[in-house]
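Residues per chain, in single letters:
2 protein chains.
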Amino acid sequence: MTSTTPPEVAVHVESLIPKFQLTRLLNSDQAGRRISLLGTVDAQPALLIAERAAFDTTPALLQSFSTSLRNIKNLGANDIYAWFLANSDPSKENGNPPPDFKLNLIYPCTDKHVKKYTQQRLRVVTETPQIYAAYIRPYMRAQRDKGALDWIYNILEGRTEQEDVMYRESGDTGFLLLPDLNWDRKTMGSLHLLGIVERRDIWSVRDLTRDMVAWMTHMRDKMVQATVGLYPGIERDELKLYVHYQPTYYHFHIHIVHVSLEAGGTQATGKALGLENIISQLETMAPSSPSSDDSHPPGMHNASLTYHLGEQSDLWTKVYLPLKQGRQVNVDDF
Amino acid sequence: MTSTTPPEVAVHVESLIPKFQLTRLLNSDQAGRRISLLGTVDAQPALLIAERAAFDTTPALLQSFSTSLRNIKNLGANDIYAWFLANSDPSKENGNPPPDFKLNLIYPCTDKHVKKYTQQRLRVVTETPQIYAAYIRPYMRAQRDKGALDWIYNILEGRTEQEDVMYRESGDTGFLLLPDLNWDRKTMGSLHLLGIVERRDIWSVRDLTRDMVAWMTHMRDKMVQATVGLYPGIERDELKLYVHYQPTYYHFHIHIVHVSLEAGGTQATGKALGLENIISQLETMAPSSPSSDDSHPPGMHNASLTYHLGEQSDLWTKVYLPLKQGRQVNVDDF
Chain X
1 MTSTTPPEVA VHVESLIPKF QLTRLLNSDQ AGRRISLLGT VDAQPALLIA
51 ERAAFDTTPA LLQSFSTSLR NIKNLGANDI YAWFLANSDP SKENGNPPPD
101 FKLNLIYPCT DKHVKKYTQQ RLRVVTETPQ IYAAYIRPYM RAQRDKGALD
151 WIYNILEGRT EQEDVMYRES GDTGFLLLPD LNWDRKTMGS LHLLGIVERR
201 DIWSVRDLTR DMVAWMTHMR DKMVQATVGL YPGIERDELK LYVHYQPTYY
251 HFHIHIVHVS LEAGGTQATG KALGLENIIS QLETMAPSSP SSDDSHPPGM
301 HNASLTYHLG EQSDLWTKVY LPLKQGRQVN VDDF
Chain L
1 MTSTTPPEVA VHVESLIPKF QLTRLLNSDQ AGRRISLLGT VDAQPALLIA
51 ERAAFDTTPA LLQSFSTSLR NIKNLGANDI YAWFLANSDP SKENGNPPPD
101 FKLNLIYPCT DKHVKKYTQQ RLRVVTETPQ IYAAYIRPYM RAQRDKGALD
151 WIYNILEGRT EQEDVMYRES GDTGFLLLPD LNWDRKTMGS LHLLGIVERR
201 DIWSVRDLTR DMVAWMTHMR DKMVQATVGL YPGIERDELK LYVHYQPTYY
251 HFHIHIVHVS LEAGGTQATG KALGLENIIS QLETMAPSSP SSDDSHPPGM
301 HNASLTYHLG EQSDLWTKVY LPLKQGRQVN VDDF
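If you read the protein sequences in the order shown, they are chains X and L. Its first residue numbered 1, the first sequence is counted upward by one per residue in the UniProt record's numbering. Its first residue numbered 1, the second sequence is counted upward by one per residue in the UniProt record's numbering.
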């Protein structure tokens, strides 16, 4: 980052910063790592926007990183996981500066942890209806058969985690609301709930059909109503509902978030689909085939869905990489 | 953030951090503000994940923020805008620690700047085909009539910014590629181009119809081909294409990004729609009405689109807030 500013200009603008007098904080965003300050410089209005910088990853600095930390304060610990606040080597004469690092320690860790935290090359894939029917649906079935959904059935049937269930609605449009693991359960601006449907015949968005529009709309309304009922400070039009494709597990569930929740990769196109847009897409769908009747309504299984995958993921290594290379997909290997 | 860890556990896990011996850097993400380090603690494998913490926004600290900065180094300056690196008051005996703050100064600033950087309450709205036809399309027309697209026509017709045009294709599927303002024009992992179509009859995704699928697919292929031609280090399946709705300006353009570009609000559901998914949605659309023929093909004007708006935006104040309050929308006020 070499500056191209003439030196006299650089000196001048650098001298303005310490003259900045705060009027008020305008915003704190990017997960609190950016602040926008309104103030004055020489009695004229000025904005100072400060962001945490990227880490310097030169090897020498990384080598001494863990010993350069000061005021390490544990916040919690659970089994092999522990999390902390710390300072980046502040001067001792400053007393108690606010922490500027958050740390997670996983110890001892496994190869699976290493894989999860290693940078993955991502690939964009287009899942046509044919690829879905031939490979992805069998893959989903294999995951379900392995018992990957037992934890959900345990919650739905009241055997575990009942203390986390925030709302439960039974019947045709039955669902329950759970807090997402990443939500602190108190900050309304980052509210994040999961709406898990009771019925078990919908594995993913791919199973939604045009004849389910009324069911989806009704359930959507009930989920929104339940959420604003639980948190009266939130209005209906401050809630955003989306689903993941591919999802982490193959039992239909809806993410309900506050619209001001900082959008990261988890809400991005190529990963998330707006629930309302899916409903509208279904409503405007043509019959699957000219001869089709109501017993075979059109649905998301007729669409192509484009999304991205890590190169370490099973779907990439077992389905899309073989397809790209013209090799056979081994469905028995799922 | 009060810890619930038993004190003896806290002391133990805190003592582990300085014992961490680096093996290698696994990843640097969240715009470089998180690093994942693999290493050992007492000869067993361990992961240490460090993130920049949120700013402490207690008033006393904010008051002294600008004077607490050290080693302020200007990187660039242009008119009222200047940007810097700086340190958060490091100890002087440490020589030259790497900067941990990025700063932007806007001085003198205007009310418009203050509005832009002030936290806006967001609202989720559903734009039905009826709302689109009655209010949003007239709003778009008004913006276009005000000359808001002159800068695009200047580029398309070769009058300005020709040095920025990275690729140009003329004819039926004509378009040009420009670097997005936020791209540094060299980091491949954050590549961000804009594909601006030549034809002027498509104001937004709303004007795409089923009979344009072949045109869209062909142009998509050409844009991807041009991009990998310009940047041979990138493969086709590392590119993600999306459009914004609502877009910033009403002339159809496509965002072409590297799939590993950190996804922020600009790629989020409620703001961005995947181009391939739109193509598929159009392909599977039913006729607009039973009597419709090829001269009135179905299209995105038949769908409902749900997205979010800031309360300061014209569309909120002039259209959706009046609708919510049961007031009349004044189309002449656009």
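Warning: the hint list may mix true and false statements.
Some but not every residue of chain X turned toward chain L, in silico, with C-beta under 8 Å [stated by the list, open to error]: (1) S28; (2) G32; (3) A60; (4) L62; (5) P99; (6) N104; (7) V125; (8) D211; (9) M212; (10) W215.
Quick list of simulated restraints, FRET-style, between CB atoms [stated by the list, open to error]: (11) K112(X) / D42(L): 29 to 39 Å; (12) T217(L) / A214(X): 47 to 57 Å; (13) S190(L) / A214(X): 36 to 46 Å; (14) L22(X) / K73(L): 13 to 23 Å; (15) E157(L) / A133(X): 46 to 56 Å; (16) L323(L) / A214(X): 45 to 55 Å.
Because the hints were derived from the structure by calculation, they are not lab data. Yeah, the Cβ is synthetic: ideal placement off N, Cα and C, and Gly gets one too.
At a threshold of 8 Å, is the proposed contact between S28(X) and chain L supported by beta-carbon distances?
6 Å, holds
Regarding T217(L) and A214(X), is the given constraint of 47 to 57 Å on their beta-carbon distance met?
Taking Cβ atoms as reference, T217(L) and A214(X) lie about 33 Å apart, which means the hint is violated.
Verify the interface restraint on W215(X): the C-beta must sit less than 8 Å from at least one C-beta of chain L.
17 Å, violated
May I ask you to test the interface hint for L62(X) with respect to chain L, counting a Cβ-Cβ separation under 8 Å as satisfied?
For L62(X), the interface hint holds, since the closest Cβ of chain L sits about 6 Å away, which is under 8 Å.
Okay, S190(L) versus A214(X) on CB: inside 36 to 46 Å?
43 Å, holds
Would the hint on A60(X) be counted as holding, given a Cβ-Cβ threshold of 8 Å to chain L?
Status violated, d = 11 Å.
Against chain L, run the beta carbon of G32(X) and see if the smallest gap drops under 8 Å.
3 Å, holds
Closest C-beta approach of M212(X) to chain L relative to 8 Å, hint status:
Check failed: Cβ of M212(X) comes no nearer than 16 Å to chain L, outside 8 Å.
Grab the minimum C-beta distance from N104(X) to chain L and call the hint holds if it beats 8 Å, violated otherwise.
Since chain L brings a Cβ to about 4 Å from N104(X), closer than 8 Å, the hint holds.
Taking 45 to 55 Å as the stated bounds, is the beta-carbon spacing between L323(L) and A214(X) within them?
24 Å, violated
Using 8 Å as the Cβ threshold, decide whether P99(X) counts as touching chain L.
With Cβ-Cβ at 5 Å, under 8 Å, it holds.
Outcome of range test on Cβ distance (K112(X), D42(L); 29 to 39 Å)
21 Å, violated
Figure legend: structure checked against the earlier numbered hints; hints not met, in rising order: 3, 8, 9, 10, 11, 12, 16.
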